[in-house]
Amino acid sequence: MDFKEFEVGDFLQNEFFVDWVIHQHPEADHFWSNWLKRHPEKVSDVEMARELVKSIHYKQEHSMKSDEYSILMERILQHKAPHGAIRSVSNFVLRHSYRVAASLLFLLGFSLIFYLNYNDSVPANEPSLVWKVAATEYGQKKTVQLPDGTRVMLNSGSTIKYPEGFGPNLRLIKFEGEGFFDVAHNPERPFVIESGAFTTRVLGTSFNLKHFEEETEASVSVLTGKVEVQTETGRSTILLPNEMGVYDKESNDLRRQRFDQRKSMAWTHGTLLFENEDLLTIFGQLEKWYGVTFEVAEGTRLAGKYSGEYKQKSLELILEGLSYTSNFNYEMNHKTILIYERKKVKRN
Numbered sequence: 000m001d002f003k004e005f006e007v008g009d010f011l012q013n014e015f016f017v018d019w020v021i022h023q024h025p026e027a028d029h030f031w032s033n034w035l036k037r038h039p040e041k042v043s044d045v046e047m048a049r050e051l052v053k054s055i056h057y058k059q060e061h062s063m064k065s066d067e068y069s070i071l072m073e074r075i076l077q078h079k080a081p082h083g084a085i086r087s088v089s090n091f092v093l094r095h096s097y098r099v100a101a102s103l104l105f106l107l108g109f110s111l112i113f114y115l116n117y118n119d120s121v122p123a124n125e126p127s128l129v130w131k132v133a134a135t136e137y138g139q140k141k142t143v144q145l146p147d148g149t150r151v152m153l154n155s156g157s158t159i160k161y162p163e164g165f166g167p168n169l170r171l172i173k174f175e176g177e178g179f180f181d182v183a184h185n186p187e188r189p190f191v192i193e194s195g196a197f198t199t200r201v202l203g204t205s206f207n208l209k210h211f212e213e214e215t216e217a218s219v220s221v222l223t224g225k226v227e228v229q230t231e232t233g234r235s236t237i238l239l240p241n242e243m244g245v246y247d248k249e250s251n252d253l254r255r256q257r258f259d260q261r262k263s264m265a266w267t268h269g270t271l272l273f274e275n276e277d278l279l280t281i282f283g284q285l286e287k288w289y290g291v292t293f294e295v296a297e298g299t300r301l302a303g304k305y306s307g308e309y310k311q312k313s314l315e316l317i318l319e320g321l322s323y324t325s326n327f328n329y330e331m332n333h334k335t336i337l338i339y340e341r342k343k344v345k346r347n
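To convert, note that position 185 of the sequence shown is 184 in numbering that gives the first Met the number 0; the numbers rise steadily by one, no gaps.
Everything labelled a hint here was simulated from the structure, so no lab data went into it.
A few of these clues could be false.
Said to hold, decoys possible - Pair by pair, the computed Cβ-Cβ distance ranges are:
(1) R257 <-> D277: 22 to 28 Å
(2) R255 <-> F30: 43 to 49 Å
(3) Y323 <-> D147: 47 to 53 Å
(4) K3 <-> R261: 43 to 49 Å
(5) N185 <-> T292: 38 to 44 Å
What the hints assert, rightly or not - In silico EDC-like pairs for lysine to aspartate or glutamate, Cα to Cα no more than 16 Å straight-line:
(6) K160 <-> E193
(7) K173 <-> E242
(8) K248 <-> E297
No residue lacks a Cβ here, since even glycine has one placed at the ideal position from N, Cα and C.
I would like the entire structure built from these sequences, with the hints used as guidance.
Written out as structure tokens, the structure reads:
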């Protein structure tokens, strides 16, 4: 079934959707979670439909009087229901008892009336959600406060997309890059972050999320609280404080391990920290941190590993230290850094 064309009224009349809201089967949870990842524009409709189903929650399963039943049926049929709706309701009624059928019709009637009235009050061209975007270029960092009070510190080259106002059941955002999240606690509204091929789900916690499209691995490092990480193929793991989830995009491997909090969080304190890393990896970090581009001259050998810690230091100072210990020269031309091999001085 193609749910992407569904609106609120369609969801309310779909047996699979209503059964999921009421009973929360794990298989259905997995389906709808993945479906919403692929169709974020439908989050608002799904949330409204969920609220309507939950508000009734089949509490109206008492026996309806025959005249009430007839009046309700007439009111439903007077409205223009979505294509296939009457057929799906009829099939459902045939397979269930009068008692359940009556409750479904009550829900359908209430929902259609609410839905039609709601649509009458909202301009047809008004989007269901208004999304905002905050981003940092390489060499920049900034802190963003979301509508629920959550604070996100963006590292260089990062982008966050979030609605102007979160729905009643879910706080959904999209993220690319690296950021430190301090999520406002709200057990009634899980905080969900979509990052490429995996999703991070929390209630209220602090953690570091790193996902750059060009890198083969993504990670979530938890400082406080509890975080669930799930891949698009359904693999998931629960992370506790001082645990890191590392996702390999190529192998689809998701592993849990301990992490060095000092190293993972150094960037939030304005510190560049290298621990036994090769020069190409370091150059990549410097590109993001300072907004520059490195070019390595042909034939230049970059051997060995390097360790160092720099708190709010200039790029020139860092390059001086690296060039001295790793035996290379460099030239700075605006935003481009040329790396070339240091020539040996002949002695007589």
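Just pull the numbers of the violated hints for me, sorted ascending.
Checked against the structure, the hints that fail are numbers 2, 7, 8, while the rest are satisfied.
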